[in-house]
Amino acid sequence: MTPPDAALDRVVQAAGRVEKAAGEWNAVDLTVIGECVSALEASASDLSAAFTVLQEYHSSPAGLRANLLNLKKSAGRLERLVDASAAFLRSAPGLACDRPVLYQADGAICQATPEMGGVQG
Amino acid sequence: MSNLIASLGTAGNALDVLQQALGVIQTNVDNSSTPGYASQQLNITAQPFDSTSGAAGGIASQGLISSRDSYADTQVQTQLQTLGLYTAQAQSTSTIQSFFDVSGTSGISTALTNLYSAFSAWSASPTDATAGQTVISAATTLASSVQELSQSLNSTATQLNQQVASTVGQINTIAGQIQQYNQNKLQNPQPDPGADANLENDLENLSQLTNFTALKQPDGTVTVLIGGGTPLVIGNQQYQISANASVNNNPPAANPQSPPTAHVLDAQGNDITADITSGQLGGLLDSRNRVLSSIIGDSQQQGTLNQFAQTFADTVNKVLQSGTVSTASGAAQGSPLFTYNNSDATLAAGTLAVNPTITPSQLAPVDASGNANGNADTLAGLADPNNTQSQIDGEDFVTFYSGIAAATGQENATATNNQTLQQQVLTTAQAQRNQISGVSLDGQAAEVLQFQRAYQAVSQVLTIVNNLANSILAWIPQQPS
Numbered sequence: 098m099t100p101p102d103a104a105l106d107r108v109v110q111a112a113g114r115v116e117k118a119a120g121e122w123n124a125v126d127l128t129v130i131g132e133c134v135s136a137l138e139a140s141a142s143d144l145s146a147a148f149t150v151l152q153e154y155h156s157s158p159a160g161l162r163a164n165l166l167n168l169k170k171s172a173g174r175l176e177r178l179v180d181a182s183a184a185f186l187r188s189a190p191g192l193a194c195d196r197p198v199l200y201q202a203d204g205a206i207c208q209a210t211p212e213m214g215g216v217q218g
Numbered sequence: 377m378s379n380l381i382a383s384l385g386t387a388g389n390a391l392d393v394l395q396q397a398l399g400v401i402q403t404n405v406d407n408s409s410t411p412g413y414a415s416q417q418l419n420i421t422a423q424p425f426d427s428t429s430g431a432a433g434g435i436a437s438q439g440l441i442s443s444r445d446s447y448a449d450t451q452v453q454t455q456l457q458t459l460g461l462y463t464a465q466a467q468s469t470s471t472i473q474s475f476f477d478v479s480g481t482s483g484i485s486t487a488l489t490n491l492y493s494a495f496s497a498w499s500a501s502p503t504d505a506t507a508g509q510t511v512i513s514a515a516t517t518l519a520s521s522v523q524e525l526s527q528s529l530n531s532t533a534t535q536l537n538q539q540v541a542s543t544v545g546q547i548n549t550i551a552g553q554i555q556q557y558n559q560n561k562l563q564n565p566q567p568d569p570g571a572d573a574n575l576e577n578d579l580e581n582l583s584q585l586t587n588f589t590a591l592k593q594p595d596g597t598v599t600v601l602i603g604g605g606t607p608l609v610i611g612n613q614q615y616q617i618s619a620n621a622s623v624n625n626n627p628p629a630a631n632p633q634s635p636p637t638a639h640v641l642d643a644q645g646n647d648i649t650a651d652i653t654s655g656q657l658g659g660l661l662d663s664r665n666r667v668l669s670s671i672i673g674d675s676q677q678q679g680t681l682n683q684f685a686q687t688f689a690d691t692v693n694k695v696l697q698s699g700t701v702s703t704a705s706g707a708a709q710g711s712p713l714f715t716y717n718n719s720d721a722t723l724a725a726g727t728l729a730v731n732p733t734i735t736p737s738q739l740a741p742v743d744a745s746g747n748a749n750g751n752a753d754t755l756a757g758l759a760d761p762n763n764t765q766s767q768i769d770g771e772d773f774v775t776f777y778s779g780i781a782a783a784t785g786q787e788n789a790t791a792t793n794n795q796t797l798q799q800q801v802l803t804t805a806q807a808q809r810n811q812i813s814g815v816s817l818d819g820q821a822a823e824v825l826q827f828q829r830a831y832q833a834v835s836q837v838l839t840i841v842n843n844l845a846n847s848i849l850a851w852i853p854q855q856p857s
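Quick mapping for you: the protein sequence lines, in order, are chains A and B. Here my numbering is used: the first sequence runs in plain steps of one and ends on residue 218. Here my numbering is used: the second sequence runs in plain steps of one and ends on residue 857.
Hints may contain errors.
[To be verified] If the Cβ cut is set under 8 Å, some of the chain A residues that face chain B in the computed set are:
1. 109
2. 113
3. 116
4. 165
5. 179
6. 183
[As the list claims (entries may be wrong)] In silico lysine to any residue, SDA-like type, Cα no more than 20 Å apart, as pairs:
7. A:169 with B:592
8. A:170 with B:852
9. A:169 with B:832
10. B:694 with B:677
[Unchecked claim] Partner residues aside, some chain B positions facing chain A, computed with beta carbon under 7 Å:
11. 455
12. 598
13. 825
14. 830
15. 833
16. 837
17. 850
Please keep in mind that the hints were generated in silico from the structure rather than gathered at the bench. Note that CB positions come from ideal geometry on N, CA and C, so glycine has one too.
For reference, chain B alone in the conformation it holds in the complex (with noise of 0.2 Å):
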């Protein structure tokens, strides 16, 4: 009796993690479409048998075993990681890029070509107030021209420092996500295939915005550090991290003015900025920071375009005020023809006007040595490449110009090239991970199907051996004893 209540133990027990069995492979095909799900397998293994002891035999469940592989996770983890970089880099570099006038029919450097020839004209008819008027309109264009890149250009490092601000918050919510997953882990520490896959995703969300490191912890839950190793979550425990938008007084600022730079600072209220080197994040911050911090200039930096508008100005300045001009109380010293605001290196461009006051007849054509159209001719003479006056860090100034535009488009160019490989190689750590991890609705349909199949050769078998065996027993009676 004991024997058969312990095989009818046995068989039921055994029908049990069958069923268990094949409610993981129904669970496996409901969730093939979850993101950041595994697919799971019941690990089962035979009891042994002894009928003498008493040992039933049968089968038993030893749990589930995920087929997530952290290795492929974290290598999808890191391509897309990289990919949120070169992704923010293109786009932040592409609206930069629009700004600069590639073409040549208007912006800065047709504004400079035209000043160039209103001086050339100039210099031939030094005292046609008309020539004089067109220099007057020319250097206004330019100036505009400046002016208006210039506040293009700082409008952009705010939305910069808006998306920035942005993406912190997004991020910060995800490690609330975290947090909660930890929690619950804490709590109920039980393998769950669906907390995984929310988890997963998560993560990934997070790859896309920020570099960070993931170490699972013995007790279940996940450590997200962020950057060089700032904490995020730790435990039950999320660490927000903030962003602001200053200017960088360490060292102290030689440019007190300066647009503000997107500053990235963990809980405790450290600058982390520097730690931010991947991700959605390290791509806005670079793009703010430094591609456009080079142009606009920052705390240590007058920029480019101000050098430009700083130096054009200087050196147009410098040749007029050197020359004199007739007056009716008699000669008297030219006048500037453009203006801006030096309190600070990198307000050059954006203030950069011509000369309200001015008039032809202020200009001076005449130079220091009394030439008539002296002066005149020097400021034609800057159209010259060769002409070491008009350069600036070896450069003349329509050269120095294009190379701005041009470092902004190579940056752009090669954002965007990165940005096309790094799809490639994250869609094949992606495919390598779900030949790992995904769930196959072929495989498991298959799985069914070979069980199915698997019970009736059995029970056809079976059928045979009980009809011989009937046969036999049916044949004996009728034998002579």
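Isolated chain A (complex conformation) (with noise of 0.2 Å):
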């Protein structure tokens, strides 16, 4: 295996590390978090050893592009799982209310709707 396809390697494996933290990502489960942490940090690792390697050898392997937008489309997704977690969490003080105020993913201010199913702007 040339180091270009080592490092094309090192990316799938990142990109396969943030969509399973995406896939079991639990807002309320601290020990999930915190093995959602250590998978991201793991794939920023690979990813930049990859970097540095691809830039070596100026080589772009074939799926590298694609196994990158696939890393991006999962880290999307986490990202906002996250900021939703996140804004339900600062929303926590307006429970106690008959309509909860709720931030959405961009934090503007919306109502949950009764049934919580979704949010109305």
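Make one complex out of these two single chains by using the hints.
Here is the structure:
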């Protein structure tokens, strides 16, 4: 396996870790969240090492872009889950009200629907 | 598309569950000062994830877990019952004790000592009318002191009977609240931490009043059995108990005119007094029916104060009536110094008085043998602790009376010591229970803070991952193909 192929392999592993972290996200389990942080740190380490090798060999193996896009898709999904979780946490003091005040992922304030199946802007 | 909808559904459900978890934290914080509240936690479980079968994964709420610990609750209730017993005993016996003069400067002890001195002076001058009058005056003071003490104790008995009735009323009120809880539970069996807190508070209040057993039923209701198993609340039915003050006729009363004792009756009218052994009610019943009855008497016993009054009066009267006095018509039998109602053994102390018609000349200092001051000497000799003629149950009158006061004081000292120790035991039990079931505001705040920090950590690392991916993607087009 050439160094660029090995670098691609690390990108694939990084993408897999981020996808797994997003799939297993559990906003109320600190252990799972801790595992999520570890997985992301390992992914960052893989990406950094891979980028160094790729730059050194001036090589861009086939499938590199697709795997990076997959990784960004999973990262985006996880980001939205984390943002939404943080938003719910910030709204905790309002939970005693009839209609809790909630935050959207972008920070905008909205009202929760009674059944909490979604939000109204 | 279906995967996207499933993913969205999973995310929405996870956030819904998260909100419930945070809502539980909020409820815990709101109720941190609510008596009887046990902190709640949301039971969250992971859902299966399988993209091929369409299982979307995520998390689901499995309902609330209450930190309520029935063992800890029962321990607190038991200690409260015992504390209620000792507190009522300490308060009641303190009142009883206050009627006994312990300083020796007034009351029965002093009156008795003064009468002995009067007998002694009279024996030295048996024909002296002034000495005779001093005997009558000292006897009057003693009789008044005994009557006064008897009336005070009987009045206390009446007050204790009223307190028993009042406590029974409080028990019925709490039972009514528990019955209402059960009724609500039967209509809506869903967990309700607020209602559970109220129930626990009711049970703790009941613990202070009486001994009982609370049994949680499968339908969520609580069965409360008072004393040895008398139903108080079963399901949505309340069984009211009642109180009365009466002379016990089972077995037939030896003293039918004795002061009425306190009784607690179940819903069918059965006497359950003996089953009430703890709590405030147990303490009041003990003080009224045991401690006080031993002094003022009841249907079966005369009571030590009546025993003292009757024996002393009989002893003095017997001596005086054995002698003779000189009258205009010749020698006559001496008159009794004391009178009392002898129609019931428990009336002696309350009716003890000096013969209203007696005069110094009717006191007989001459004994049956014609000794000029024989009777007077005999009466003066009653002060001698070793004089067998002046004994009750092997004790002289002064010692016997002091024994009544000392026994009351001992009852009070024991109850007060028990109360102090029991308060410590209760505090320990409550602290242990709070460790299990109480709401720690620090804990709740720390929990929220931990989540905040964890989310921040994820966000920060996620930003690094995204930046690295973006950097590589930005670098790719610059490379030769």
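Status of each hint after checking the structure:
no.: 1; hint: 109; verdict: 13 Å, violated
no.: 2; hint: 113; verdict: 13 Å, violated
no.: 3; hint: 116; verdict: 11 Å, violated
no.: 4; hint: 165; verdict: 5 Å, holds
no.: 5; hint: 179; verdict: 5 Å, holds
no.: 6; hint: 183; verdict: 4 Å, holds
no.: 7; hint: A:169 with B:592; verdict: 55 Å, violated
no.: 8; hint: A:170 with B:852; verdict: 18 Å, holds
no.: 9; hint: A:169 with B:832; verdict: 19 Å, holds
no.: 10; hint: B:694 with B:677; verdict: 24 Å, violated
no.: 11; hint: 455; verdict: 34 Å, violated
no.: 12; hint: 598; verdict: 28 Å, violated
no.: 13; hint: 825; verdict: 10 Å, violated
no.: 14; hint: 830; verdict: 4 Å, holds
no.: 15; hint: 833; verdict: 5 Å, holds
no.: 16; hint: 837; verdict: 4 Å, holds
no.: 17; hint: 850; verdict: 10 Å, violated
Of the numbered hints given earlier, the model fails hints 1, 2, 3, 7, 10, 11, 12, 13 and 17; all others are met.
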